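Q: All chains, please: the whole structure from these sequences, using the hints.
Respectively, the protein sequence lines represent chains G and V. So that you can map any letter, position 244 of the first sequence is 573 in the numbering used here, and since no number is skipped, the others follow by simple counting. So that you can map any letter, position 178 of the second sequence is 832 in the numbering used here, and since no number is skipped, the others follow by simple counting.
Hints were generated in silico from the structure; no laboratory data involved. Quick caveat, the model's predicted, so the values are computed rather than measured.
One side of the interface only, derived from the structure: several residues of chain G facing chain V at Cβ under 7 Å: (1) K572; (2) F573; (3) N583; (4) R586; (5) R588; (6) L590.
Ideal placement from N, C-alpha and C gives every residue a C-beta, glycine not left out.
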Amino acid sequence: MTRSFVFRNPSVLIFLALLALFTLGVTAVSEGFGVGLMSTSFVKTLGKTLCLALVAVAMDLVWGYCGILSLGHFAFFGLGGYMIGMWLMYERTRGIVETSLAEAPIPPTPQEVVDAIGNQIFGVVGSSDFPLVWSFADSLTIQLFLVVALPGLLALIFGWLAFRSRVTGVYLSILTQAMTLALSLYLFQNDSGLRGNNGLSGLQNLPGLNAVPQSTVSVWFLWASALALGLGYLLAAWVVSGKFGSVVRGIRDNEARVRFLGYSVESYKLVIFTLTAMIAGIAGALYYPQAGIINPAEIAPIASIYLAVWVAIGGRGRLYGAVIGAVFVSLISTWFTGGQAPDVNLGFYTVKWVDWWLIVLGLSFVLVTLFAPKGIGGLFDLIADRRRPDRHGDDLGPDQGSLREKEAVE
Amino acid sequence: MKGQLLEVSGVSVSFDGFRAINNLSFTIGPAEMRAIIGPNGAGKTTFMDIVTGKTRPDAGRVLWGEKSINLIGMNEARIAREGIGRKFQRPTVFEDQSIQDNLLMAVKNKRGPFPVLIYRPAAQDQARVEELAAQIGLADQLSRKSGELSHGQKQWLEIGMLLAQEPRLLLVDEPAAGMTLAEREHTTDILVEAARTRAVVVVEHDMDFVRRLNCKVTVLHEGAVLAEGSLDHVTANQQVIDVYLGR
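A: Here's what the structure looks like:
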């Protein structure tokens, strides 16, 4: 039991090596740093996919390991995006405003500059004053702190209320979904102070780095996303490897038993829920500068449901499964919905994938859940020839208890 | 009351008008083996639920230890940390995890999330796990997944986890259910050994098993104590024969 962490978890090392290889490979063929075989927009797609993989790892921690089917982790993801987006938009607008005001005959006062920025940002929703939530938008440090702190705080408050009242199972899922819906509806309002349904845009432009082409910026973000994914994966693997992981999986399988062992189940759930919300916030903060725009539709409950689908298809309860699911399903979704997939002419009907993809995805989700509950990640078990034990024994009630396992089955 | 580990006094609880426990009072000493018997619906499991914090009674007190702390109102985890261990009717072990992990989770240590997060097994904990595994006859199977164990082995593993918690009171619900004769004997040995240093309360249907435990017996009926004493004493009681044994 004194073997090292990496030795006990060889999959972590393999994953990190593959991630490094992937990042180097993409860099080598990118337009910014390599031979230019890969378009900048595709580099961005890959970078975004890495962020989705990170939020999927968080989802796997909370769902696959702790058994909390949260349908709200994309809200935390979106909040992270909004927090970094506010700074990006503010600073960039300030740069533009200052350039244009510099030509004025009288130098502008600081207040005039702030007013002009407000006019630029909020003109679209018929306002020009900075709402309270933008108080710290001029400080990168504070906004970066909020990327982690705001989702964490929301998760902490929500989780404390929900777990303390012992809301579990499908009821908790509905509750998280309601939270997500409420948040997205709130952000849709113009007076929420985050530009309503317009969202925040122009996030791909880094303030003060106008001279750097997007081809370079895209690779930077790819590196940052890969680094975040690597560290997040390592953290998640460490969290679930020791006794903490044992307790958390125990909570998933039999909450009451863990309680009678003396563990405060609520605190553990709260720690996992908050930690994963923070990871989701970081993933979002890296995703949206690559997407360039964030609006409340991104936070809508359907996004969080997709997240659960990715993790289910990839394989719950194993971290690489979540990554595989997110990467595989989101890339294939992009391919089908982007109009790249060729239409299938059946003679009497032409299958247009843009319309049919969702049905295919939904169907494969149902099929995976029914016939391959271990997901794509389960295929690795075949290679490793590591089978889980047949789960049994639990279904025997007290009245059948006088029979032994075998007798009762027969 | 002096010298008692657990004192249940005047406890009542009803579910939708049905009185599961009706003014129940009794005490258990610090190193005592006690069997609780009674027909179905006598309130045996509800009694355990109340002591372990799963069910909150409508009236009464449950006092614990030298300081006579009232257990009512505490949550399950807190009561478990106070030193009350519970074994369920059905074997409930974490089937997805190895016997080693199951036992290590139960070994007495800090239970908060952050101490557990940075916890790495100390040599003494590992030694304790191995000692317990030997006691329950699973010493050579530490790395097996507990889901692969037989029914009886799971029961032992759960008893082992209970002992690992180092509780001062063990509540054991039908430990011998579904066991072969040899397995029952081993279970009796484990429980009798445990009762040397702590209180053990066994709820059991099986009279032969209770006889083998050779301890004081409390008969519950309709949520109250009907008779108490040695097994021979209570089985001679006409009321007990009427409600339970006569059937």
